[in-house]
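Turn these sequences into a full structure, and let the hints guide you.
Residue numbers (the numbering used here), protein chains in the order written: chain A, 28 to 367; chain B, 422 to 681.
Please note that a few of the clues may not be correct.
To be verified - Here are the simulated lysine-lysine pairs, BS3-like style, with alpha carbons at most 27 Å apart: (1) A/LYS183 to B/LYS588; (2) B/LYS509 to B/LYS644; (3) B/LYS557 to B/LYS423; (4) A/LYS34 to A/LYS68; (5) A/LYS76 to B/LYS470; (6) A/LYS34 to B/LYS651; (7) A/LYS294 to A/LYS84; (8) B/LYS509 to A/LYS294.
What the hints assert, rightly or not - Quick partial rundown of chain A residues pointing at chain B, CB under 8 Å, derived from the structure: (9) ARG139; (10) ASP151; (11) VAL154; (12) GLU156; (13) GLU160; (14) PHE171; (15) PRO182; (16) LYS299; (17) ASP328; (18) THR330; (19) ILE348; (20) THR359; (21) HIS361.
Simulated from the structure, these hints should not be mistaken for laboratory data. Just so you know, even glycine gets a beta-carbon here, dropped at the ideal spot from N, CA and C.
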Amino acid sequence: MNIEDYKGVFVFVEQVDNVVSNVGLELIGKASDLAQQIGTKVTAVLLGKNIESEYKKLGAYGADVVVGVAHPMLEIYKTEPYTHVLAELIKEYKPEIFLFGATALGRDLAPRVSSRVQTGLTADCTVLEIEEETNHLLATRPAFGGNVMATIICPKHRPQMATVRPGVMEMRPYDESRPFELIQKEIDIPASCDNVEILEVVKTKSTSADIQEAPILVSGGRGVGGKEGFALLEQVASKLGGMVSASRACTDENWIEKDRQVGQTGKTVRPKLYIACGISGAIQHVAGMEESELIVAINKDETASIFDVADIGLVGDLHKILPAFLEELSKTEHANSALK
Amino acid sequence: MKIVVCIKQVPNTSEVKLDPVTGTLIREGIPSIINPDDKAGLEAALRIKEKTGAKVCAITMGPPQAEKALREALAMGVDEAILVTDRKFGGADTWATSFTLAAAIRKLNYDLIITGRQAIDGDTAQVGPQIAEHLKLPSVSYVEGIQVKDGHLIVKRQYEDRYHMIKVHFPCLITALSELNEPRYMTPGGVFDAYREKEITVWTLEDLDVDRTQIGLKGSPTKVYKSFAKQLKPAGTVLTLDPEEAASYLVEKLKEKHIL
Numbered sequence: 028m029n030i031e032d033y034k035g036v037f038v039f040v041e042q043v044d045n046v047v048s049n050v051g052l053e054l055i056g057k058a059s060d061l062a063q064q065i066g067t068k069v070t071a072v073l074l075g076k077n078i079e080s081e082y083k084k085l086g087a088y089g090a091d092v093v094v095g096v097a098h099p100m101l102e103i104y105k106t107e108p109y110t111h112v113l114a115e116l117i118k119e120y121k122p123e124i125f126l127f128g129a130t131a132l133g134r135d136l137a138p139r140v141s142s143r144v145q146t147g148l149t150a151d152c153t154v155l156e157i158e159e160e161t162n163h164l165l166a167t168r169p170a171f172g173g174n175v176m177a178t179i180i181c182p183k184h185r186p187q188m189a190t191v192r193p194g195v196m197e198m199r200p201y202d203e204s205r206p207f208e209l210i211q212k213e214i215d216i217p218a219s220c221d222n223v224e225i226l227e228v229v230k231t232k233s234t235s236a237d238i239q240e241a242p243i244l245v246s247g248g249r250g251v252g253g254k255e256g257f258a259l260l261e262q263v264a265s266k267l268g269g270m271v272s273a274s275r276a277c278t279d280e281n282w283i284e285k286d287r288q289v290g291q292t293g294k295t296v297r298p299k300l301y302i303a304c305g306i307s308g309a310i311q312h313v314a315g316m317e318e319s320e321l322i323v324a325i326n327k328d329e330t331a332s333i334f335d336v337a338d339i340g341l342v343g344d345l346h347k348i349l350p351a352f353l354e355e356l357s358k359t360e361h362a363n364s365a366l367k
Numbered sequence: 422m423k424i425v426v427c428i429k430q431v432p433n434t435s436e437v438k439l440d441p442v443t444g445t446l447i448r449e450g451i452p453s454i455i456n457p458d459d460k461a462g463l464e465a466a467l468r469i470k471e472k473t474g475a476k477v478c479a480i481t482m483g484p485p486q487a488e489k490a491l492r493e494a495l496a497m498g499v500d501e502a503i504l505v506t507d508r509k510f511g512g513a514d515t516w517a518t519s520f521t522l523a524a525a526i527r528k529l530n531y532d533l534i535i536t537g538r539q540a541i542d543g544d545t546a547q548v549g550p551q552i553a554e555h556l557k558l559p560s561v562s563y564v565e566g567i568q569v570k571d572g573h574l575i576v577k578r579q580y581e582d583r584y585h586m587i588k589v590h591f592p593c594l595i596t597a598l599s600e601l602n603e604p605r606y607m608t609p610g611g612v613f614d615a616y617r618e619k620e621i622t623v624w625t626l627e628d629l630d631v632d633r634t635q636i637g638l639k640g641s642p643t644k645v646y647k648s649f650a651k652q653l654k655p656a657g658t659v660l661t662l663d664p665e666e667a668a669s670y671l672v673e674k675l676k677e678k679h680i681l
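Below, the structure written as structure tokens:
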């Protein structure tokens, strides 16, 4: 392999029910930074069946080129047809970098593609940079349960592949006037690729509420004590216009739904305000929320490690502080409405 | 029916602590365990064994002390255990690891290969799908439910907001989530047999038909460029106040930051 032949930053954008997911758009944003540094273009790759209406969104978020592959076998994700198409695209376009969302889909597809085209893949990166002299991708990720960070390179193989979790990178502003080149590609997918059968698709939660989209999160840990405690957090969250999230301890105990879990095995969030209530601050939890703009921690235990990452730490009982906080918020509201 | 389960011995990362002064990892005294997702894979295989009389083989690649993980698997009830170990396999990334494991598995008969979704020390979730690719097998990742049928499996494949019920024919590979089951404990008799009665097969580089340029550190496309302790952000304010004082302090601060 002559690595000089490989040019361009590619992003695989996943779609579910013909709608592209945010992580793909976030990656287009990051890819734009990387491409600018190397002096190359960003190509977004979208696979599916009825995806034409989504192409312009990819351009508007920063893709210079959009490669769309529409095929009946690509309607719902299956490992083999998707791997086949991406391997064909890599053969033809020879990208130097290929980014994927670290989702339940991307974390199946990316390893399969990387072993088919015999290149390196770095999972769950939190920082992507370009090394100045070599233009190599420097992919930094947490290891040992978030205890150390490691920067990984892939010097002799192309493309340099990496996955990034949702919510880690930021989207560029939407600009419908941005021009982009559209390539609607036809790729032959052999019938043998259809090697599993999807018998049923069952949705398990409403797609409307997602803690990654919430500007304010009121998050509960073991100290919340149970479902009743979460009702209190819910009151605070709704007063602030936010959502309730939780640490793994609470989702494991079924105090709250699993899709509210923040942390290494849950979601990565970066709200404007994160109020950690009764959360001890295990490193696996902190890994999912430390990028929040303002972190408030309420905990009875003054030695809790959550106070190490908190901007504002309040030592005390959340069951007493939160009701007082609710009351104080009501007063503020009254004062504000009186002023108006 | 023959099932191969890939397991990894990992440090229990939930017990890993950072030295508050140097910011480095304290490794002493951290117990080694079978990776949780892999243990769910073992349990799934043993349940299939109970129903169908399948033979279960556990395989691991690692240093000689990874034998302990295999003894535990034997004590849980697997029929056969294989340790793939050689200094030349050391330093392998996921590509070279999956390449080596695939070469070892090729020597075995199997209908089904089960790996854990991901290991808690690396969290990559790559080795399972990569083994499947090297062996040219259909695979399903993130499996949280398994039904064994005649010549195929029906599995429940988890996604963020949905699941798929998927039919996949043997031979195939699946990656198991720890949500799949509650792994059994070792029985005293099982532990006794695992150490006294059962043998662990050891395979080194000599035993595998592999391209030597594709293994270990040298065969790994990715390299560690550097590693470092996480940057800690500057300490915030920590106060012990009455609930009312705490509440008004918080409201005041949130106003200052223009959140309220």
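A quick look at each hint next to the structure:
| no. | hint | result |
| --- | --- | --- |
| 1 | A/LYS183 to B/LYS588 | violated (38 Å) |
| 2 | B/LYS509 to B/LYS644 | holds (16 Å) |
| 3 | B/LYS557 to B/LYS423 | holds (18 Å) |
| 4 | A/LYS34 to A/LYS68 | holds (8 Å) |
| 5 | A/LYS76 to B/LYS470 | violated (40 Å) |
| 6 | A/LYS34 to B/LYS651 | violated (32 Å) |
| 7 | A/LYS294 to A/LYS84 | holds (24 Å) |
| 8 | B/LYS509 to A/LYS294 | violated (37 Å) |
| 9 | ARG139 | holds (5 Å) |
| 10 | ASP151 | holds (6 Å) |
| 11 | VAL154 | violated (11 Å) |
| 12 | GLU156 | violated (10 Å) |
| 13 | GLU160 | violated (13 Å) |
| 14 | PHE171 | holds (5 Å) |
| 15 | PRO182 | holds (7 Å) |
| 16 | LYS299 | holds (6 Å) |
| 17 | ASP328 | violated (11 Å) |
| 18 | THR330 | violated (10 Å) |
| 19 | ILE348 | holds (5 Å) |
| 20 | THR359 | holds (6 Å) |
| 21 | HIS361 | violated (13 Å) |
In terms of the numbered hints stated before, the structure departs from hints 1, 5, 6, 8, 11, 12, 13, 17, 18 and 21, listed from lowest to highest.
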